[in-house]
Amino acid sequence: MSSNRKTISVLGCGWFGFPFAESMVEKGYTVKGSTTTPEKKIALQDAGIAPYLLNLNEEAPDIDLDFFKSDILICCIPPKKDPIIQQQYAAKIKKVADSAAKGRVREFIFISSTSVFQDNNKQLDENDMPAPETASGKIILEAEQNLTSSTDFRTTIVRFAGLFGPGRDPGRFFAGKTNIPNGLSPVNMICLDDCIGILTSIISQAKYGGVYHACSPEHPDRTSFYTAAAKRSGLLLPQFIPQKNSWKIIDSVRLKTELNYKFRLNLHDLVNQQDI
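Start counting the sequence shown at 1; every next residue gets the next number (my numbering).
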């Protein structure tokens, strides 16, 4: 491995974190990956990822600081849907931030969500002020603010839009359901390949700091997108109400202006071809 390659720690090797960590190993980086399940350590090790078993719960003992001795930390641990567990999220992020500071992490990349924005019938870019409606959106925004205010490392916020890809089939989201509101509202989605591509671009170009929106530039309406997805998967078609009462469009300006990022999947092509 080239001596100028950096060490990357991926906190949360789940749907995004695991394949991202694998892709970084393939590019020659030294990669550490965390999991909460002992069984997954073997899969990480087999992929060339140094495995760490980390528990961020308040009652858990001190976590292994060796995991945090890296140049770059990718934090991809979204809050759970359980309200009780959601209340513990701020404490988890604080424990991560404290550990990152002790490990002298230089770049802290926090995987956030576009759910920090409410549906306010507007186009929203990285300069717009978030105003979340949901409990999870409020918790994520608080985490963003706490991390950004730290002087121990530089924080980069990457807000993923709706996620789809292997294991997250959008055809299943509304399959067979009826009277679904806002059928004419635009979708804000991003596929796994582009999630990996965007993070890779930030790291390879060293364009750290601030906020990035990670959302496909195409925004087909909900009826078109989810009906096509259900057809691809051979599922019952959803029935949407043809209305546009509540919506937002997430604009990923910095991907274009700073990274010159080229998306790998065009959502309009996906809808029209009905082939993923």
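Watch out, some of these pointers could steer you wrong.
To be verified - Derived DSBU-like pairs: lysine-lysine, alpha-carbon spacing no greater than 30 Å straight-line:
hint: 1; residue 1: K6; residue 2: K207
hint: 2; residue 1: K122; residue 2: K40
hint: 3; residue 1: K81; residue 2: K177
hint: 4; residue 1: K27; residue 2: K6
hint: 5; residue 1: K81; residue 2: K248
hint: 6; residue 1: K177; residue 2: K248
hint: 7; residue 1: K248; residue 2: K80
hint: 8; residue 1: K177; residue 2: K102
hint: 9; residue 1: K92; residue 2: K81
hint: 10; residue 1: K95; residue 2: K207
hint: 11; residue 1: K69; residue 2: K231
hint: 12; residue 1: K95; residue 2: K41
hint: 13; residue 1: K80; residue 2: K177
hint: 14; residue 1: K27; residue 2: K40
hint: 15; residue 1: K95; residue 2: K177
Derived by calculation from the structure, the hints in this document are not laboratory data.
Exercise for the section: Below or equal to 30 Å on CA atoms is what counts here, so check K69 against K231. Expected result: Status violated; Cα separation ~47 Å.
Would the pair K177 and K248 pass a check requiring their Cα atoms to be no farther apart than 30 Å? holds (23 Å)
Are the Cα positions of K27 and K6 separated by 30 Å at most? holds (11 Å)
* Does the alpha-carbon distance linking K122 and K40 stay inside the 30 Å limit? -> Not satisfied, since the Cα-Cα distance of roughly 42 Å exceeds 30 Å.
Worksheet item: Has the given pair, K27 with K40, been kept, meaning a C-alpha gap of at most 30 Å?
Response: Given that 30 Å is the threshold and the Cα spacing comes to 22 Å, the pair holds.
Check: Holds or violated: K95 with K41, Cα cutoff 30 Å?
Finding: holds (22 Å)
Is K80 close enough to K177, meaning Cα to Cα at most 30 Å?
holds (25 Å)
**Request:** Assess, step by step, whether the Cα of K92 is no farther than 30 Å from the Cα of K81, and give holds or violated.
**Result:** Holds. K92 to K81 sits at ~15 Å (cutoff 30 Å).
Would the hint linking K95 and K177 be met if the CA-CA limit is 30 Å? violated (41 Å)
Check your understanding: Taking only the CA atoms, is the gap from K81 to K248 under or equal to 30 Å?
Key -> holds (22 Å)
* Starting from K95, check that the Cα of K207 is at most 30 Å away, please. => holds (26 Å)
Are the Cα positions of K81 and K177 separated by 30 Å at most? Between K81 and K177 the Cα gap is close to 22 Å, so the pair holds against 30 Å.
In summary, the structure is inconsistent with hints 2, 8, 11, 15 from the numbered list given earlier, while agreeing with the others.
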